[in-house]
Every structure is written in C-alpha cells, then in structure tokens.
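> Which chain is which? The protein sequence lines are A, B, C and D, in order.
The numbering of the first sequence is the working numbering, which starts it at 1 and goes up by one.
The numbering of the second sequence is the working numbering, which starts it at 1 and goes up by one.
The numbering of the third sequence is the working numbering, which starts it at 1 and goes up by one.
The numbering of the fourth sequence is the working numbering, which starts it at 1 and goes up by one.
Check the hints yourself; a few may be wrong.
[Said to hold, decoys possible] Over 10 Å on every C-beta distance to chain C, these chain B residues come out as not near it, computed from the model:
1. Pro169
2. Leu243
3. Ala349
[Claimed, not checked] Among chain B residues calculated to face chain A with C-beta under 8 Å, some are:
4. Thr19
5. Arg69
6. Arg89
7. Ala152
8. Asn367
[Stated by the list, open to error] Computed spacing ranges between beta-carbons, pair by pair:
9. C:Gly281 to D:Pro398: 49 to 59 Å
10. B:Arg128 to C:Arg251: 48 to 58 Å
11. B:Glu232 to D:Arg255: 31 to 41 Å
12. B:Glu232 to D:Ala233: 34 to 44 Å
No lab work stands behind these hints, which were simulated from the structure alone.
Using N, Cα and C, we set each Cβ at its ideal position, and we do this for glycine too.
4 protein chains.
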Amino acid sequence: MSAEREALVARYLSVRAATEALAEPLSPEDQQLQSMPDASPTKWHRAHTSWFFEEFLLTPSGREPVNPRYRYLFNSYYDAVGPRHARPRRGILSRPTCDEVTAYRRTVDGRMLELLGGADAPALEKLRPLVELGLAHEEQHQELILTDILHAFSESPLLPALRAPASRPRLEPKPAEPVAFVEHPGGLVTIGAADDSGFHFDNEGPRHRVFLEPFALASRPISVAEVRAFIEAGGYQTPGLWLAEGFEHARAQGREAPARFRLEGSRAVVFGVDGEREAQGDEPACHLTYYEADALARFLGGRLPTEFEWEHAAARSDPALGNFRESGALRPLPGGALFGDVWSWTSSAYAPHPGFRPAAGAVGEYNGKFMVSQLVLRGGSCFTPAGHVRASYRNFWPPGTSFQMSGARVARSLG
Amino acid sequence: MSAEREALVARYLSVRAATEALAEPLSPEDQQLQSMPDASPTKWHRAHTSWFFEEFLLTPSGREPVNPRYRYLFNSYYDAVGPRHARPRRGILSRPTCDEVTAYRRTVDGRMLELLGGADAPALEKLRPLVELGLAHEEQHQELILTDILHAFSESPLLPALRAPASRPRLEPKPAEPVAFVEHPGGLVTIGAADDSGFHFDNEGPRHRVFLEPFALASRPISVAEVRAFIEAGGYQTPGLWLAEGFEHARAQGREAPARFRLEGSRAVVFGVDGEREAQGDEPACHLTYYEADALARFLGGRLPTEFEWEHAAARSDPALGNFRESGALRPLPGGALFGDVWSWTSSAYAPHPGFRPAAGAVGEYNGKFMVSQLVLRGGSCFTPAGHVRASYRNFWPPGTSFQMSGARVARSLG
Amino acid sequence: MSAEREALVARYLSVRAATEALAEPLSPEDQQLQSMPDASPTKWHRAHTSWFFEEFLLTPSGREPVNPRYRYLFNSYYDAVGPRHARPRRGILSRPTCDEVTAYRRTVDGRMLELLGGADAPALEKLRPLVELGLAHEEQHQELILTDILHAFSESPLLPALRAPASRPRLEPKPAEPVAFVEHPGGLVTIGAADDSGFHFDNEGPRHRVFLEPFALASRPISVAEVRAFIEAGGYQTPGLWLAEGFEHARAQGREAPARFRLEGSRAVVFGVDGEREAQGDEPACHLTYYEADALARFLGGRLPTEFEWEHAAARSDPALGNFRESGALRPLPGGALFGDVWSWTSSAYAPHPGFRPAAGAVGEYNGKFMVSQLVLRGGSCFTPAGHVRASYRNFWPPGTSFQMSGARVARSLG
Amino acid sequence: MSAEREALVARYLSVRAATEALAEPLSPEDQQLQSMPDASPTKWHRAHTSWFFEEFLLTPSGREPVNPRYRYLFNSYYDAVGPRHARPRRGILSRPTCDEVTAYRRTVDGRMLELLGGADAPALEKLRPLVELGLAHEEQHQELILTDILHAFSESPLLPALRAPASRPRLEPKPAEPVAFVEHPGGLVTIGAADDSGFHFDNEGPRHRVFLEPFALASRPISVAEVRAFIEAGGYQTPGLWLAEGFEHARAQGREAPARFRLEGSRAVVFGVDGEREAQGDEPACHLTYYEADALARFLGGRLPTEFEWEHAAARSDPALGNFRESGALRPLPGGALFGDVWSWTSSAYAPHPGFRPAAGAVGEYNGKFMVSQLVLRGGSCFTPAGHVRASYRNFWPPGTSFQMSGARVARSLG
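Pulled out of the complex, with its shape left as it was, chain A reads as follows:
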C-alpha cells in the first residue's frame, strides 16, 4: 500500500475510533437522549457520520445502501438527498438500537476500507477530498457528542458526570497572567484559507483582503472572576450593558448567570463532564451566549473582535499550543492561547467571504445555506479534536446558544 493510501486509511480509522471511544462510557439509554431540538442523541451522531460516508462515497461508488431507511433517518439537512426525519424528533428513534448502530458503523468501515484499498492512485486522489470532508465532518460531530450529552446531563436532576473519577486526568494548570491588550496596527490584511493550503471547509475561502483599523486584543479570554464581577455589579439587571435583544433574551429565560454557572457565596460552581465543581477565578468563562459575551465585553470597557481581527491576530499563533480534547482536561484552563479552551464569539455575522461559491451537488449544502442569523466563533475549544481547527476556521451559532463551549475575548479600537 502506498504511503499516501496508508496515511489516509490510518487517519480514517483513527477518527472513526475516536468517535466510538467517546460513546463508550455511555449507556444505551444515555445515547438515546435528546434534551432539546438543537441537540442530538449520541447514537444519532454515530449513525449520521456513517451515513455521510455512505451517501457521498459508497453510494456514488455503486454500493447498495446498508439499510435503505437509514437514508431517511440519518440525513441531517441535505435537501438534495431527499426527505428526512425531523431534527427535533431524533430522540424518538429507539430503533435502531445502540448495538445496531455499532454494527452499522462496522459495515460502513469495512466498505470504506474496501473502497480505499481498491482504488488506484488517480481514483484515490479523486476520493480524497470527500474522505477528508467526511472525517472533518465526523470531528465536528465528536465535539457535538460531548456538548449534547453534557446538555442532557445538565438537565437531569441527578447531574451525572460523564466519566468516572478514576478516569479523570490530574491537571496542573499554569497560573494565569494578568490580562494585557496586544496591539495590532491593522491595515490591509489577508483573510481566509488559500486554495492550496490543505484541507479546509468551503466557508473558509476564498482568500481575500480586508482593511482593519488599529485594534488590540486581550491576552486571554473573559474569566470566571470577570463574570462574577459582572453579576455582582448587577449586570443582568442593567439594560445599558446589553444589546436590546440580548437583555430581552436573558430576561425571558430568567437568566442571572451564564448557563451551568452559579455563585454560592464565595464559590463559583460550574457543571461539566465531571459533574459540578468549583471553578477557579482565572479560568475562561464558558457556555456564554453571544449576548452575554457582548455585554461582558462592554462591561469590561471593550467590545468583541470581528472575525477578521481575530483571524489576523491568530495568523502567527500555533494551534498546537491550545488546550484541545486530547489534553484530557475537557474543560477550559487558565492560560492565554488563542486556540482551544473556549470558542471565541466574534461580532461578525456569519456571511460568505467575497467570491464564495458552494460546491456542486448535495455536499454544497454543507455551509452556505446557514449564512444568516448566526455569529462566527473562532479558535476551537477543549472539546475540539486537536488538529481540527485553523486560523481560518469558522464555527457559527445563533446568538442565544449556550450549550457549546463558547467564551469570548475582549477587543478594543485604537486611535
């Protein structure tokens, strides 16, 4: 087997195995949970990511579907593929069972290995972009498996932990340094992924120029201590600190703190993969809505950065320095890396880069059709697989979202 083929197969197997490792500690009942319309059951994520390989690689290569009804059950949002099971009703699918989904994954894996093994070099090069897309897609769902089960557990009166005490890493977080504002002169900068820069999603391109005014960016994300100060200063009762829609959103939800965050005297208690725990003051605040991130930035005398400011600032930063899933922490840690820990809300609405064109066919529905009413987040989180994000990587969620590992970093205009 050629080294390239070997590398692709190895990466395929490694990504697929990582998904199963995430599901492994979860009971069949856990994997069945859908705690809100925006979240999906673990089992569904496991099946959907397999369907993706079937739909875009195996079926076009002439394989019969493993189960013709799975096309209906496990299509997420691809209109061109046909009708599909309604997203808010995914929790109703007790069948196929966990075990049947495991079998489905194995069958798909077998067929994929066959396909990759049997393709000659030119055919392999033709398959490669879709395999890479499928693997990047599966990595996105790995993060969602964690965020969605965490949401479900946060709704249970038992507040269960995702992993047993024995399997938790011993963390020795670096003490945080005081926040500083790193200045950037701005000017005409280059944004987006170049066509020949390796795998990236379509929404990261085309590469293009943007003019930036001078700005500064905080050396670390908004912290738990800053959230505490905001709450104690009456921030949740002060409309002047908020976007009007944000204040209304917090009021309608009865919010007096970020999701999964509460003050208990001098302690800030947060809920995460290890259940409830006391948070350190200098660790990054998490589960912020865009509205909260915006209000906190205003409270702290700044604003949120645009996605262009963030990307420009991150251009010379090494993603490998971030606290990603592989660290085992599975929670934000004090420190200041631009990558990892928490996704950074930016003030940029999710929109196409100039000249953006979605790919032809159903796979072109991947990103473009969501470009309204969402905000861009950057940098990845402690739930993101290492190697998944880049400086040009664009995540996006509606402004009221709080179940993601979302935080923020304060920016300031200069001059």
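Since chain A is already given, all that's left is putting chains B, C and D on it; use the hints.
Relative to chain A, chains B, C and D alone:
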C-alpha cells in the same frame, strides 16, 4: 402463612411480574422513550409503581428509602409528598438505567414481602387497602406502558411492532352481528360502588341514585366501517356534525381520520402492537378523541351515552366476557361485549359523585383533584388487565386524547 | 296596531335603544378595542346584533342585505351561514366606522319595523319566536359590551372609568347578614323550562326530572372578606385547596388574587366601571375563575353546587329581587338574592338536558355546539338586563374565564 | 429672527405638519389600529414623536411634562428614561383619544417654538443637534405611519384604500430599460458619514476604509416580472434556492408569493395605498423579506450586495432623483434610480462601523443596541420623505420582515 396473607402475597407477586413481562421485549432505548408530555417512558412507569409502594407502605413502616432521590424522580403528581421532576421531562432521565430500575423493583419487592410476611393479622388488615390500591394503581400503569410505547412507536418512521410475529396469537374473531339498540326504561337507578363491595377507587363512590329518562344503547361499539362511512361522507369537513371545539381541534391538527387510521383505497390501515395491518370493517374503531366519538354518534343518528346510562346498562353484564389483555389479542375484536375491546367515551364530565370525599393524606390526591375538563370513559379495553374494571369503574381523559384505546357506543333517547 | 304587535315593537325598540345607550359614552376609539381574543369591540357587538336580525328575519323575508360584506364581517360563529371573519381579529376592523355602524343599526331598525308592521297576525306569530330570540341575543351582547370594555379598560395603564363621576348612582347598600346555610331535602325534582313557559333558550329544555341528595346552599355569595382570608391563609400557594388544573392555571398566570382585585394593607381594591375603588368586605367577590370559585368553596368547608341544586333552590325565588343592570349600581352589592350581583359558578359541566335537540337551520347553532369544556353559571349579574334571566337560565364559560361578572355560592352535602 | 433660527423653526413646523397631513385622512378608529406587535397605531406614532421633543428638549429645559403619564405611554424603548407601556399592547390605548393627541401635539409645538424662539445663538446651536435628531426621528415615524396602516388595511377583509380615488396622482412612469450590470473595480474605498457632513445618525459613522473586491450591481431593482418567473419556476418549493432559515420561514408561513402579492392568471395583483391593483411587470417588487430577496438574487444568477458595495455604488448618485413620498406616487415605479422606490436589502448584518460609540445619555440608545440579528437596507423608498436619506444612511430590519417597502437589487462578484 394464613390463606389471606398468601392470597395477598400471590396477587402482589403476580401483578408485579406482569409489569415486568410487559417491559421484557423492550430494549433499554425503547424503555427510555417519551414521545409527548402526556406519555411516560416504560422505565419510569416501572420505577414509579415501585415508588408508590415505598411512599405509602414502606416509608410509613419505618424503612429507609432505597434511594432518597427517587422520591423526587418518581413521584407523579402528589403535592403533599413534595417537589417532583416535571412530567414532560421524564424522557431526560437516562439514569437510573433499566438495569438499575430492575434492581430497584427487586429491592422494593423484597421489602414488601418482608412487610407483608411480618405483619400480624390486624396489621395486615390495615395494610391491605393500600396494597390493593398500589396493585390497582400498578395495573393502571400496565395499560399506560402499552399505550405510551404504542404512541412512541407510532411516531417512529420505522413503525416498529411491539412483539415478534412468532409471539402473536392466532385470532379467530367471532363475526359481528348487525348493530341493534337495546332499550332501557330508565327511572330511578342506583349508581356507584357500595362501600362493602370489595376494592374500588374512591371516585366510584358513594353509591347513590340517579334518575334516567328512557334510552337505548347500541349492541356494539362504533366500527371501522362506520368511521370509513363518516370520512367518505366528508365528516371531517362538515362542521354541523361536530362540537365547535371538536371541529376546531380536528382542523388545527389537520385530522382527516382518527389517529393511526388511514384509508388506502378499499383498505383501512391501522397501527397497533403488531405494526400496521388492515382492519376489518366490523371491528371496533379505536384511538377516537371525544370529539370524534361525539361527531360519529351524531352522524349515526344518535349521541354518546351518559356514564350513568352506561353503568346502568352494564350492571347486569359480566366483565369476564370482555376482550382484555389476557386474551393476547391486544387489539379490539368484532363482537359486542360491554366490557373490554375499547374504552367507551361517555358524554359525562368527570365530576364527584354526590357526597364524594377524597381520602386523608397524600393518597387522597389520587382522583379528586382531576375532576374538571375531562370526560368519563367506561368498560376497559384490550390493553386493560382482566379483573381490573367493574361496572362502576371510571376512567377519564381530556376530550382531545387519542393515544388511549378509546372508542364509543351510540345511545339514543327514547320517548 | 294590535296590542300584541305594539308590545313586540315596543320591546324591540327598547332593547335596541338600550344597546345604543351603553355605547353612548364610548369614543370611536373605545368602541374599536379588542383586548383579547375572547372579547369583542363594542362596535362589533352593535353590528353583530343587527346582523342577527338581518340574517334570520330580514333576509328570509326577501330583503336585500344592507351591505353584502357585513355577512362575512359580523357573523359570529354560524357555520351554516358561511365563512366569517376570525374572532381574534375583530379589533382590526376600523372600517366600518362607528358612524357607519350607527347608520347600519338604523337601517336594520327601519326594515324591522316595516316587517313587523306589515305582517298579518299569523305571520307575526311566526316571526315572534325569532324576534324574541334576536332580542334575548342582543341582551346577552349588552352584557358582553360591558364585560368586554371593562376588560379593555383594565388593561390600559390609565385604568379609565366607564362613566363620569356625575353619572354614578348614590348607593345605599343594605348591610349583609351573616351567612347561613339553607337546607334542601332533595329527592326527585323537576329541572328545565317547560315548552309553554314563555321565551327561553333551547338549552333550558326539555323539562325533566333529576334526583338530588339532601344539600344546603349558602344564603349569600362568597364575599370579598372571604377572598381576603383565602389569600392571607396562603390559599394561592396551597395545592391541596385546588383542582390540579386550577392550581396550574393560577401558577401559570402568576395569580395571587382574583382578576382586578388586590390587597393594599387593610384595603381590598377592585377595578370596575367607575375605575378603581375600595371594596367592602361583605360585597360579593367578582371576576372569579371556576378554579378560584372551586378552591374558595373548599377553603370555606363546602363545595360548589350543581346547576340542578341551584335551579331547584332558585325555583321559588323571584328574579325581580336581584341587583341587575337597571339598578344602576353596575357592581355587586352586599345582600343575598339568588339572582343578580354575580353569576354563580356551578360544578356542572355544560351538557344537554336529556332529550335536547337543537333547532333546525343555522339558528340551531346557538347553543348545542358549545356543550363541552365549559361550566354552567346561573342567576345573572349586575351587568345583566333585568328580566333577562330565569331559574332555568344557563350561562356557560370555560373554567379559566375571569372577565365575566362571575362569583360563586357555597353548597354542602347533607346526611 | 436670525435666518438660521428661522430655517430651523420652518423645518420644525414643516416636518410636524407633514405628520399631521399623513394622519388626516384616517378616522379615529383607523388611528387606533395595531395589527401586529411590530406595528404601532398612527395615534401612537403622533404622540411618541411629540414625547421625543418633550423628553430630550423640553424637560431638560425645565418644562413640566404636559401629562406625566405620557412618559410611560409614549416612550418607545429608552431604558434610561424608565419603565414603559409594552409595545405589543399599544393598540389597547383608546385613551388618550385622537383629539387629545392632537391637542398634545399642539402644546408641544407651542413649547418648542417658545424654546427655539427664546434661545440665544449659542443656546440654539446647542439645541440644534437634538432638534435635528427629533425631526429625523419624526420622519422615520412618518414612514412607519404609512407602513403600519398599510399593514393594518391589508389585514382587513375590506382591503380599504388609504386615499380616495380623487386624491391619487396621475402617474406617467418612464418605461423601464432592460437590466444591465454596472461594474465597479472595488479596491480600498471610504464608507460612512464624515463628522462634519451635516446631520446624520450616529450609526452612519465613523467614516472609515473598506476593501472591496470587484463587483457589479444591477441597474434596477428586482422586478415584479422576475418575481413571477421565480414563482412559476417553483421557487417557493425549491430549497436549493434559499437559505435554510428562509425556506423554513416561507414554509412555516405558507408563503407562495411575497406579501400582498398574488398571481391571478396573467395578472400580478398587489395591495398598496390605493387598495388592490394590477402591477406592471417592470415595476420594482416590494414587501420582500430578506429571505425572499436572497433567494430571488440567487435565482437570477447573482447575490445581494453588501452594504459597502451599495454605498460605494451610490456615492456619486443624487438622492434627489429618487421616487420619494413627495412624488405622490406612494408606490414603486419602473426606473432605475438607486434611491427611492424600495429599500434595498443588503447581505450585511447590522453592526457598528469600526470605532462606533453611541452618544451619552438616553439618546445613545437610538441605534447601537439593535446591532444584532438584523440586516441593513439602503436607499429609502416611495414612503420615505425626500431629503431624509443619504448614501451613508442605514436602515435595518430582521430578515423575516415584509411590511416595509423592501425590495432588492442583484449584485455579482467579478474576476
């Protein structure tokens, strides 16, 4: 062991085992399903019925709770017991798992046997009414286990069957006779269960007199063929056949047939425990809302009976003749017994019999507090355990309910 | 003109004029208000009551419609008449204007006088039942004009009064006597209006027998002082005093007192036609929902009466003794008459009397199609025109209704 | 009086009179209408614009409020001013009446003239920005008076016209030329209003640089004929033409054409200030949601422009050439001016220009707090007063908005 004690223990074990037998073919994922706020997961029913014995028998006898949090998780609606997990969120409880619930049931059973075995005769007589209530309560939940999982399966695109083809009974239904109207002269009749008539729910008493005008009652329930005639005559588009609220309800839900019923050319296809199947014209129509039952009765030239008319008509009928769960059919069959097959909607709002007083303590919340905005149904269904219902037995549901095994029988006023 | 014709014409003119007198103090803007889906603008009531005469008397007599579009705009709920403007959107009808509605009323009146004047005696006898129905119908809407504008004003931050101080009567209410319970032996009693007993609505018949157990009925309605006691005893926080649905209703609405009622230290402040005022402790409580009435009765050691108990108790009572609209008070007064002041919620669901049959044609939609999910109220209120109600008169509203002049009287079971 | 003072007073009087002229043909009932939460009654607009002068000019100058409760009733959204009447409930305010609002406006005008007349030159210069803001604010509400009453009339089954046939202008629209795409080389361009460029809203600044890729902009807005082609090509049933959220929005609303637009054989019928009329194929399409505008642009082989592309293209265009309110047409006309006719949806989310800072005090709530979940529209419409808009002017609405005079112009990326 005295014969009475033995009989009580035997009944306890038999009812408890029947619950487990119902759950047995269901996977942990199936048992986790909550397909709408009004339905509960199988697992929850299994735990809640056990909690009932803990709360009203074991705890008052001085036993420590098996798990203190279960009191919160598995209380259904008893305000006097304390706060409880919200009903529409029962599907979020992946923990405790199925296996943990099984263990919980076993522990409760062990303690109950201890309690019943260790009580002297007077103590046993004191425990008996609550044991009997707990068992009747568990029988009600047995019916709900079936109706709730049937609803969940009806929502799945896979339309799964509840039992394997091999485990389905071979049915030889009696051919239905033509409908006849049995006349009753009315007059001053006696209604309700007498205090000394064996176990009955508090809402069945006190026994009292009601004056009935002369009436006639159909010799069999409204049939599938009659529903077909209603649909084909444009019944769902004819407001004059409906209560105003009923027409609006059907319109708002886009209803053009009863739930789980559709016409496919000359076939009437229904969904039940064995998946989809063709219904015979002369079998009782099922899953009717009160609104549909009322409109169908009007279409057929009659009206629904009052609960008093029904009870009076049923007073000399033997419940043992009905098609109950033990027949194994698990679906309504042609025939004409007043008991079994489908619950009969009556035109009577659920209200206290004159002189009704709920029991003291939390157990008094069993029935009385639901006496508004619901209609009474009578007679039991093919999902009801044999021996559970009586002529005086009162079931009740809001008028828009369609997930129960609910049908109707036409009445007419005479003279 | 014959005396009978003269009397009919005089009654026609008097009822029609009374409607206009109610609207007279209201500005065109006031008459435009629809403050919730269940209430209608004054202007709409004025037009709809005129449409009733057109639809059921003038059109069948061969008159062209005054305006063909009014049939669509001012039909309330008669399906047999054709499609109609949606009830919750009545407030959108700025056209026709108030002045145009006044002109419409005058035209209808002219044509009605022509019709009544030109009919020979047999024709007149044929018209009479529908004229009487139209006038009784208009009297019902007179009460609704008051309840609906009162609701609208209660929603305005200005809390305007319906009439100027100068036009308010000087009231010298009789001091209330202590409550007593009047005992009734029950037995087989006669209920409903006899066919030959003068005008009554179809839902008041047929006359029939009902068996009553012995009961007692309070000598006066639940009072403001009793509501205060309920509130101060934590009644709104005590689920055991409520129907489950009622407690949930109060909780969902954030209710801590009846509508338009608040405690201000030692004062009970209520809102009525004269704006806000302090209520006397012994005046009847008003704007109670069925749920509140039921909970208050339970709190006071009794229950609500059935409609049959109420009617039987009222059978020998003279409606003329009640505090009706003509007293000018337009609010409940201390005293004990069974008629007037506040409508009495009964525990009876609104259902057909045995043998009830709606009239043929569209007019048959008047009552029967509403016989579900509502409770019967009896006796009339201080907003009801004198002469409008009888012992057999049945009003009906859903249990959560609070914008009507609804109160309650406590009953007790004896023996 | 100095010429400057005279000019300011003249402009004040002229703007205030224009508001009253718009309200003049509307009855008190019309002025009372609130047909949806996002629209306000005419009467409320008339009062609110007067309150603005009271709050920001008269009260700070020491005048007592005309009516202290008006501060509560007629504050729109200024949190710093205090609590306010809920927006969706403005239609409940029958009091103050139209006449009382007219009197209120006169009193405010008298006091404003006093204030402006009595101020010495430096004081006048200090007042001027707030007077100009108040007048620009009132002009915005003039457009809303038209859009809101048009919405209300479109909901009435009578579909009334806003003006009598006699008062309609005789229009001789120029025939439209075929659409062309005007190319722009892009590069580093200047955006936003300069500080010293005369009155503009805070959200139009600061002036700053933006880099644009080469693009082309259509020479006229999307036309009625293009909407017809979209509908006839099944556009409303083709998800691939839409943003996912847009397709869902149209589906949820049952949309098969833009608001107030329907095909009737070969005719396109639209509803406007003169009631229903047949639209010409070459007139601009109106009442488009952002979703529709986006889908139409995609259908036509292009995309929506960014607000920066639009502003750059409009920089050398003369607003005076546009079809604004003063033309009397009050509907979009064939032609191609960048200003007037219909507001142009852009693909730019409403966000602060770099360096944006809201003004201090309550007046700073004017724009900034709405900068999320809205899209920018540019250019003004046939309902906008002439002179009100500029190239830098930014209007903004949520993407589902259809009651505004909103259309779109297609853009294309070049190179």
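> Taking the shortest Cβ-to-Cβ distance between Pro169 of chain B and chain C, state whether it exceeds 10 Å.
About 38 Å separates Pro169 of chain B from the closest Cβ of chain C, which puts it past 10 Å; holds.
> So, Asn367 of chain B near chain A? Judge it on the closest CB pair being under 8 Å.
27 Å, violated
> Is it the case that Ala349 of chain B keeps its Cβ farther than 10 Å from each residue Cβ in chain C?
3 Å, violated
> Regarding the assertion that Leu243 of chain B does not contact chain C, is the least Cβ-Cβ distance greater than 10 Å?
5 Å, violated
> Starting from the range 31 to 41 Å, see whether the pair Glu232 of chain B and Arg255 of chain D falls in it by beta-carbon distance.
At roughly 33 Å between Cβ atoms, Arg255 of chain D and Glu232 of chain B fall inside 31 to 41 Å, so the hint holds.
> Hold the hint about Ala152 of chain B up to the distance rule: shortest CB distance to chain A must be less than 8 Å.
6 Å, holds
> Could you say whether the range 34 to 44 Å given as a hint is met by the Cβ separation of Glu232 of chain B and Ala233 of chain D?
37 Å, holds
> How about Thr19 of chain B: closest beta carbon in chain A under 8 Å, or not?
19 Å, violated
> So, as I understand it, the hint says Arg89 of chain B touches chain A; can you test that by seeing if any CB pair is closer than 8 Å?
7 Å, holds
> Is the gap between the beta carbons of Arg128 of chain B and Arg251 of chain C within 48 to 58 Å?
At roughly 37 Å between Cβ atoms, Arg251 of chain C and Arg128 of chain B fall outside 48 to 58 Å, so the hint is violated.
> Does the closest beta carbon of chain A sit nearer than 8 Å to the beta carbon of Arg69 of chain B?
7 Å, holds
> Quick check: does the Cβ-Cβ distance between Gly281 of chain C and Pro398 of chain D fall within 49 to 59 Å?
For Pro398 of chain D against Gly281 of chain C, whose Cβ atoms are near 52 Å apart, the range 49 to 59 Å holds.
Hints 2, 3, 4, 8, 10, counting from the list given before, are not met by this structure.
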